[in-house]
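In the order they appear, the protein sequences are chains V and C. Going letter by letter, the first sequence gives residues 1 to 251 in the working numbering. Going letter by letter, the second sequence gives residues 1001 to 1309 in the working numbering.
Source of the hints: derived by calculation from the structure; they are not laboratory data. All values reported here derive from a predicted model rather than from experimental measurement. Beta carbons are placed, not taken as given, at the ideal position from N, Cα and C, and that holds for glycine. No false leads were slipped in.
When the alpha-carbon atoms are kept at most 25 Å apart in a straight line, the in silico SDA-like pairs for lysine to any residue are as follows:
hint, chain 1, residue 1, chain 2, residue 2
1, V, K110, C, E1189
2, C, K1228, C, P1077
3, V, K110, C, A1107
4, C, K1228, C, I1247
5, V, K74, C, P1111
6, V, K110, C, A1190
7, C, K1228, C, F1265
8, V, K110, C, Y1205
9, C, K1228, C, F1096
10, C, K1065, C, F1076
11, V, K74, V, G12
12, V, K74, C, E1189
13, V, K74, C, N1198
14, V, K74, C, G1200
15, V, K110, C, P1209
To give a feel for the contact side, a few chain C residues facing chain V, derived at Cβ under 8 Å:
hint, residue
16, S1187
17, Q1188
18, Y1205
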Amino acid sequence: MTGSAPALRIEGLHKSFGDLAVLRGIDLDVAQHEVVCLIGSSGSGKSTLLRCINLLEPIDAGRIVIEGDEITAKGVDVNRIRRRIGIVFQAYNLFPHLRVIDNVSLAPRKVLGLSRAAAEARATELLDRIGLADKAREYPDRLSGGQQQRVAIVRALAMQPDLLLLDEITSALDPELVAEVLNLIRELAGNGMTMLIATHEMSFAREIASRVCFLDAGRILEIGPPAEMFSAPRQPRTQQFLQRVIDAGRL
Amino acid sequence: MTPGAERPPGRARVAADRRRRRSRLGIGEGGGRALVVAAVSTLIVFGGLGLVVVNAPGWPQVQDKFLNGRVFAESFPLIVSAFWVNVRLFLIAEVFILILAMVVAVARSLPGPAFFPVRLLATIYVDVFRALPGVLVIFILGLGIPSLRIPGLPADPFIWAVVALTLLYTAYVSEVYRAGIESVHPSQEAAARSLGLNRGQALQYVLLPQAVRRVIPPLLNDFIGLQKDTALVSFIGVVEIFRQSQIRQAGAFNFTPFFATALVFLIVTIPLARSVDWLLARERNRRVAGVNPGVGPGVTVAGPTVGAR
Ligand SMILES: Nc1ncnc2c1ncn2[C@@H]1O[C@H](COP(=O)(O)OP(=O)(O)O)[C@@H](O)[C@H]1O
Ligand SMILES: [Mg+2]
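All chains should be modelled from the sequences, with the hints used to inform the complete structure.
Set out below in C-alpha cells:
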C-alpha cells in the first residue's frame, strides 16, 4: 500500500445482468481526498458501478484496485475489503429493529471487535457531530428522512472507511430535508474524505466535485472539472442530458 | 418505509381505532342504536335455535347421554388432570420445534452450489413431513419403532409422541421462518454486508431478528394446531386427555366425557386464537397507518394452514 497509489482505480470493468450489459468498460481513477460525482440518466449504471466497487455485485471482467490492493482478485476476503469501503444507499437501509445507537455500533462491535463501550462511545461521538445524540435511543422510524440518512452516513463512517460511496442519497428526501444531508457531505469533503457520489443534485456536484463524470449507457462518456462539464460539455449526449436537467429546473 | 409518512395525530387515531374495532365485529357506524339491533337479533337467532333443540323429541335422551351433569362432575377432574400430559407434550415439543425449524429454514436459505446437498436434504424433509398425515407418522414412530426392539431406543410412547409431533411441526414452522427470512428486503442484507458483516452475522443480527418478528402471528397459528394435535398421540397409548375421555366414556356408558374434553380444548384454544387474530389485525392496521417498523412494504407472512391429520 503506497501513499501515492490512487484511492480507487477501476480498469476495464464490465458487468451484465443476463443479456443486459449494464457496465461496458469503465476506467476511472479517484485520487486520495478527491470527490468524484457520477451523473447520468436513470438506468445508466451509476448504482451498479457503486455496488460493484463494494463487491455487492460480482463483476464479469476488469479490475478494481483500492490503494494498490486488487480487491477483485480471486480468493480475497470480501468482508475485510468491505470494511474499507463505506456505502450509503438512496433508501437509507437502516436496520429498523435496532436503535440508532445500535445501528451505528453494530459493525464496529461485530466486525472490528470493539467492546460495546468503545463502539458506543464512537457512535455517540459521531451522532453528536451530526446533532443527533439525543436520538441515540430511538428507533429509525421515529426519525425524519433527513435524520435517517445522516444516521446511515454516520453508520458507514463508524467503520472508518478509506473510501465512501454515496448512491443518490438525497433522492428519497423531501426538498426541505436535502440541505442537512448535503451539509454533512460538504463537511466530510472538507475533512478530506475520498468520495464517489452518484447524484442528481447538479448544483451540489458543481460545488463539491473535484471532477464530474458523465455515465451514459454503461460507459464514461466524459469526465472533467465541474466548471468545464457544466459550462462547456464536449459530448452532444452530455449537452442533451444537462439540457434536460436544466429544463427540469434542477440546475 | 415511506419517508415522511407520519403517524395520524392522536385524536384522529383514536377515532380510527374505534371505527376499526366496530367494523371488525361487523356492527358498523351508527353508535348505540346499531348495538341494540345487533343484540336483539342475536338473542332472537340463538334463543330460537336453542328452543328448537330443547323441544326436539330426542332432547331428553341426548341430554342424558351427552350432557349428563353427574357424569360430568365425576369425569371432569380426571380429564383436566390428563390434560396436563397434553400440556407437557405441547411445551416440550414446541421448544424443539422452534429451534429445529430455525435450523432447517437457515439450511434451506444457504446460497451457492456447495450447499446444494444441504438444501436438498432440508427440502426433502419438509416436503415429506408436510405430505404425510400426522396420524400415520405418529403410528409409525410410536408403534413401529418400539416393536423393532432395537436396544438403546426408548420404549416410552410419550417420548415417541414428542418425536413425532416435533418432526411433523418442524416442517411447517420451518416454512413459516423461511417465508419470514425471504420477506426481509434484500437491501437489508446488502446494508449489513456492506459494513463488513459476514453472511452468518448478517443473518444473526439483521435478517433473523426482523424475520422472526414478522412471523409471530403465523407461528402462534401453528401452536394452536399443535395444541389440538396432541390428542392424536392417544393412538399410541399415551393416556392424555382424549384417551382418558374414551376410558371414562366406556366406563360410564355415556358420552359426556367427550363433551368435557371438548370444553377443555375450547377454553384453552379460543383465547389463543382470539389473540392471534388480534395480533394480525394490529399488524395490518399498523401497515395501513404507515407506521410499520418493518422495512419497505411491510410484509406479513401468512402461515401455511395447518392440518396435520
Ligand atoms: N439486480 C439487477 N438485475 C437485473 N437488472 C438490473 C439489476 N440492477 C440493475 N439492473 C439494471 O441495470 C441498469 C442500470 O441500473 P442502475 O445501475 O441502477 O442505474 P442508475 O443507478 O444509473 O439509475 C438498469 O437497466 C437496471 O434495470
Ligand atoms: Mg441508481
